[in-house]
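Residue numbers (the working numbering), protein chains in the order written: chain B, 1 to 417; chain C, 418 to 834.
Read the hints as simulated data drawn from the structure, not as lab findings.
Treat each hint with caution, since some may be false.
Said to hold, decoys possible - Between beta-carbon pairs, the in silico distance windows are:
| no. | chain 1 | residue 1 | chain 2 | residue 2 | range |
| --- | --- | --- | --- | --- | --- |
| 1 | C | Q536 | B | V107 | 54 to 60 Å |
| 2 | C | D729 | B | D117 | 21 to 27 Å |
| 3 | C | D469 | B | V335 | 45 to 51 Å |
| 4 | B | R331 | C | E449 | 40 to 46 Å |
| 5 | C | T432 | B | E332 | 47 to 53 Å |
| 6 | C | G560 | B | Q295 | 51 to 57 Å |
| 7 | C | V524 | B | E105 | 51 to 57 Å |
| 8 | B | S302 | C | R441 | 20 to 26 Å |
| 9 | B | D49 | C | V524 | 31 to 37 Å |
| 10 | B | D49 | C | D729 | 55 to 61 Å |
| 11 | B | N89 | C | D469 | 22 to 28 Å |
| 12 | B | D49 | C | Q536 | 32 to 38 Å |
| 13 | C | Q536 | B | V294 | 51 to 57 Å |
Ideal Cβ placement from N, Cα and C applies to all residues, glycine included.
Number of protein chains: 2
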Amino acid sequence: MALIVMKFGGSSVGTPERMMNVARRIIARQQEGNQIVVVVSAMGDTTDDLIDLSKKINSNPSAREMDMLLTTGEQVSVSLLSMAIGSINGQAKSFTGWQAGIKTEAVHSKARISSIDPQRIFNAVDNGNVAIVAGFQGVTEEGDITTLGRGGSDTTAVALAAALKADLCEIYTDVDGIYSTDPRIVRVARKLNEISYDEMLELANLGAAVLHPRAVEYAKHYHVKLVVRSSFTQQPGTLVEEDADMEQGVVVRGIAYDKSVARISILGVPDRAGQLANVFTSLANAGIDVDIIVQSGVLHGSADFSFTVGLDDSDKAVEVVQSIQSQIGYRECEVEKNLVKISIVGAGMVSNPGVAAKMFDTIAKMGISIKMVSTSEIKVSCVVELDRFKEIIAELHTAYGLDTATEAFVGGPSDRR
Amino acid sequence: MALIVMKFGGSSVGTPERMMNVARRIIARQQEGNQIVVVVSAMGDTTDDLIDLSKKINSNPSAREMDMLLTTGEQVSVSLLSMAIGSINGQAKSFTGWQAGIKTEAVHSKARISSIDPQRIFNAVDNGNVAIVAGFQGVTEEGDITTLGRGGSDTTAVALAAALKADLCEIYTDVDGIYSTDPRIVRVARKLNEISYDEMLELANLGAAVLHPRAVEYAKHYHVKLVVRSSFTQQPGTLVEEDADMEQGVVVRGIAYDKSVARISILGVPDRAGQLANVFTSLANAGIDVDIIVQSGVLHGSADFSFTVGLDDSDKAVEVVQSIQSQIGYRECEVEKNLVKISIVGAGMVSNPGVAAKMFDTIAKMGISIKMVSTSEIKVSCVVELDRFKEIIAELHTAYGLDTATEAFVGGPSDRR
C-alpha cells in the first residue's frame, strides 16, 4: 500500500462543483489501494478577497494579524473538501497547519517549516481517513499562526510527503505538466515527461510559476518524488526526480522568463574594501533578495556595479542604497524597470560547450542588446529590454530544438494532445 | 486599574466602518485606564454564508468539519479588529479559541467550556495590548476545534471574564439594554436599569434573545458582573448582577415570549411504572430538549400527557415517540404547532400571591384559552395559540404596571430616551 500526498491549488477547488471533482479524484486514488493525504489551498480568489478586505481597515497591517486572517482561507477549503468527500461516502478528516503538527520559525508572512510531527496524520490515514491538511500555514513554538508565503501550499505538500515518507507527492494544478517554456508565449512549447530537481528549480525560480521553488528545494533535499499534473485531465503529467532521463540530444530542457525584474546601478563607487558587502548586507537586512550582480573593473580608483531585484522591491532597494550614500561615497544610483530575464535551463549544458554562445548569438542577430548575463552549471540568463521578449523566447525555443510538431496545450477539461 | 471584557456581536462588526467604530470604542475604554480583553463574533452574515456554502457540497456534513468551517468566521473578525485598532495607533493581539486557552469537552457544534488557561491573555494585556479573542470556539484535549453553539460568543466573554477575574463584562449589542418586553411588540416597553441573573436567565431562555442563557448561567455561577449595552450609543445599558435592586412596587420585571414552540400530546398511555421515564429518556437520547410537561390524572387505567419542544425539534420528537409506540402502548400521538409561550418574570413574584392569577385572568378576559401552564419561583408561563400573542403581551404589560410614558427605543446611532 502506497502513501500518496495529493496537492490541489486554489483554482482546482474554486467552486463547489470543482471541489466535488477533486473529492471524486481523491477517492478514486484511494480505491486504487493507496493511503491518501491531501494538501489544499484557499478557494479561488479567497486570499485576494481577504487582502482587499483588510486594506479597507488598515493599509499596513501587522504581519501577525495578516497571517491570522489569511489562514482562514485554507481552513475553509479543508473543511469543505472533507465534507465533499463525506457526501460521496468517503471518510475524511481535516487539519489546520497546527493540527497537522507543522511547526515553523517565528517569522510572519514567509515562515520556513522547522519540523513536522506527523502523528495525527498517520493516525487519521491508518483509520481509513483521507487526511486533508491546510496548505500554506503552520504554527510557531509559542503558538502563533504563521504562513509560508504565496505558493506555500506546495511546500506544505512536499514537506508533509518528506515527514510521512510518502511514496509520491502529486501536485495538481491547472496545467498538465511542466513545459519547455510558457505555452502562452510559444504555442509550440512541449510538455516534458521528466525533469530533474535542479532544472525544475531553475524553471520555477525563473517564472514558470507552476511549482514553488522552495517546494522543489525541499523535494530535492528529502528526495521526494514529485509529479506535476492537471486536476482537470487524466494526463500523466511531468515527473520531477533526481536524475531525469536525458532525452536524446537534449541539452536545453526549457526556457524560462521573469518579467518582474529591475536593475539598479551604482556608479562611481570608490575602491575600498567591503563596499560590496556593505551594500548587500544593507539590502539583506531590509529583506530584499538580490539576483544577478555584475561589477565592472576598477578604473581610476572607482568602480560601477549593478544588480537585479524583484520589481516590487526596487523602490525600497533604491531607498536602502540612498540611505548608505554617505558611507559608500558613490556618485550616482540609477534604476531601470522595463526589463525581462530570459534563461535557458538544462542539466546537459555543463558538458556541451557553445550552448551559451548560441544564446548570445541568437539574441544578437535580432539586433537586441544584452544588458546583463549570469551563468550557472545548468542555466544561462540574459537580462534584456522587455518589449520583444516573446520573440526572443520563440527564437531560442527553435534554436535549441524544443519545438514540437503540434501546438502546446494548457489546462481545460478536454484533452487535445 | 480595572480589567474589562468587552464583547461585540456580529452586527456590531458587520462592516469595515463598524469595525472602526468598535476599535475607537475599545481604545477609549482602554484610555480611561482599563486593561481590555475583547471577545468578538463573526462579521454580519458570515456564519450563515458559510453554512449556505457548505450545503452546496454536503446537505448533512459532519459536525467536526462544520466546526472547522464556522470558526473561521471569528478568526477573520479578530484579525480585522486587531488591524482596525492598529490603524488608530492602538496595540492589539488577536487570539483564536485554542490560542486563548479555551478548552472544551469533545462535543462538536455545542461544546461546553471545560477550562480556560488565561496565561497568554494576561501576558498580552500586561504588555499593553488589547487582547482580542475569537468567540464561540474552543479546542478539545485532543486538539480538535469545537464551537459552543449559536450565541456562544456571550459564553466565551463571560467565561473569560471569570477566568481572568475581570471587574466587569460588557456585552455590546444592537439594543441598548434589557427591556421589560420586546419593544418591537410593545412600543411602551421600558428599559431596565438592573436585573438579577435569575430574571435575566428566564428572559433570555424565553426569547428575549439579547444574551445567551448559558452565558447568564455562567455569570451567575462565577459572580461575573455583566452589563448589556448598545454598541451604537453611549447609554449605560442594563446591569445584570446577583441582587438587582427591587424597584418600588415591582413584582413582574418583564414579559418574554417564545414563538418556536410545539406541543406533542400522547393520548391513552397505559398506567404502568416508568412510562414517562421511557418517553423522556428516548427524547433526551435523541438530543431533544423538553420544556413544559403536563400529565392528566389516570382514568380507567390510562393517562394523557403532553409536552413542549422547540419547533425545529418537533418532527424528530414525533418520530422518537412513534418509534417506542409498541413499548409504551399509547393510543395516539398528536402534534400542534402554531403556539407561543408567554412568560411573566420577576423575583418579587414568589412573595406576592395572586400574580399568576392576574395573568390567567387577563388572558381569560380576552376570550383566549390557555393550553398549558408552568410556574417557577420567578416566572409563570402560559402556552396559547399564536395568532393574538402581541395583544396578550401588551395587555399583560399594562396589567403589571410595566408601561412607560414614552415609547421604547431600540438601537440606532442617535438617542431618543
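(message) Holds or violated: the 45 to 51 Å window for the beta-carbon distance between D469/C and V335/B?
(response) Taking Cβ atoms as reference, D469/C and V335/B lie about 49 Å apart, which means the hint holds.
(message) Within 22 to 28 Å: is that where the Cβ-Cβ distance between N89/B and D469/C falls?
(response) holds (23 Å)
(request) Look at the Cβ atoms of Q536/C and V294/B and judge whether their distance stays inside 51 to 57 Å. (result) holds (54 Å)
(message) Against the range 31 to 37 Å, how does the distance between the Cβ atoms of D49/B and V524/C compare: consistent or not?
(response) Holds - the Cβ-Cβ distance for D49/B and V524/C, about 32 Å, lies within 31 to 37 Å.
(message) Taking the Cβ atom of D729/C and the Cβ atom of D117/B, is their distance within the range 21 to 27 Å?
(response) Because 42 Å falls outside the window, the suggested range is violated.
(request) May I ask you to test the hint 20 to 26 Å on the CB atoms belonging to S302/B and R441/C? (result) violated (56 Å)
(request) State, for the Cβ atoms of R331/B and E449/C, whether the hinted interval 40 to 46 Å holds or is violated. (result) violated (57 Å)
(request) Could you see if the CB distance from G560/C to Q295/B stays within 51 to 57 Å? (result) Holds, since G560/C and Q295/B (Cβ atoms, about 53 Å apart) stay within the stated range.
(message) Looking only at beta-carbon atoms, does the pair T432/C, E332/B fall within the given range of 47 to 53 Å?
(response) holds (49 Å)
(message) Just to be sure I understand the hint, the distance between the Cβ atoms of V524/C and E105/B should be within 51 to 57 Å; is that true here?
(response) 35 Å Cβ-Cβ, so the 51 to 57 Å window is violated.
(message) Assuming the hint says 55 to 61 Å, is it satisfied by the Cβ distance from D49/B to D729/C or not?
(response) Roughly 33 Å apart at Cβ, these two residues miss the hinted range, so it is violated.
(request) Determine whether the Cβ-Cβ distance between Q536/C and V107/B falls within the hinted range of 54 to 60 Å. (result) Violated: the Cβ-Cβ distance is about 23 Å, outside 54 to 60 Å.
Violated hints, in rising order: 1, 2, 4, 7, 8, 10; the structure is consistent with all others.
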